[in-house]
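Enquirer: In case you want the letters, here they are:
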Amino acid sequence: QKEVEQDPGPLSVPEGAIVSLNCTYSNSAFQYFMWYRQYSRKGPELLMYTYSSGNKEDGRFTAQVDKSSKYISLFIRDSQPSDSATYLCAMPRDTGRRALTFGSGTRLQVQP
Amino acid sequence: EAQVTQNPRYLITVTGKKLTVTCSQNMNHEYMSWYRQDPGLGLRQIYYSMNVEVTDKGDVPEGYKVSRKEKRNFPLILESPSPNQTSLYFCASSLVQGGALEQFFGPGTRLTVL
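Protein chains in written order, with the numbering used here: chain A, 1 to 112; chain B, 113 to 226.
No lab work stands behind these hints, which were simulated from the structure alone. Even glycine gets a Cβ: it sits at the ideal position worked out from N, Cα and C. Possibly wrong hints are sitting among the right ones.
[What the hints assert, rightly or not] Under 7 Å between C-beta atoms, here's a sample of chain B residues computed to sit facing chain A:
1) Gly152
2) Gly170
3) Pro173
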């Protein structure tokens, strides 16, 4: 079993839709949870990260962590064609936050 | 402009021919890391470095070497490349306080080993 599982998609939605992207993880010691966005032919860029459980909001993006279920989500409100990208979740697997484990990524396509 | 640069961006080589992929950052970051990205497997960490002369293995270090002689540079060395090292490689850096949390990624190097 992979430490971090992510549905590869592709996920296709109409412009303006609310998008939900999800990851499950197996290691209960994970404490930080990150979401990266990767456009085609580019390196990943950090969207946001959260510590422990709860919600964190940044503009149209909301990250949610449910540690009891080992489940994290990224919600995108009012999705735009410019949100079309692959979204990767990631978690440090050591307390020093030096070694990262990534999900395989979900490809999102927002149709105009 | 703050950035991580990688060279070359594209490389086709043959089995066994030693190669080096360079990585440089201009943000005075202590932490640097190398990843490979393969379809269906996502990003996997190869090596990381917390500072000059301090390096450690990631998930998939076999067949790779790194060195950190200067803060800004973190080259990835393939002493004897094999076809299973055909992949998309990313270098990343961050301030050490954040560890791997707030990494800036380079544009990637697409390597093909024939």
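Enquirer: Look at each hint and say if it fits the structure.
Expert: Structure-based check of all given hints:
Against a cut-off of 7 Å between C-beta atoms, the interface hint on Gly152 (chain B) holds, since the closest Cβ of chain A lies about 6 Å away. Below 7 Å, beta-carbon pairs count as interface contacts, and Gly170 (chain B) has one with chain A at about 6 Å; its hint therefore holds. Because the closest C-beta pair between Pro173 (chain B) and chain A is about 11 Å apart, greater than 7 Å, the hint is violated.
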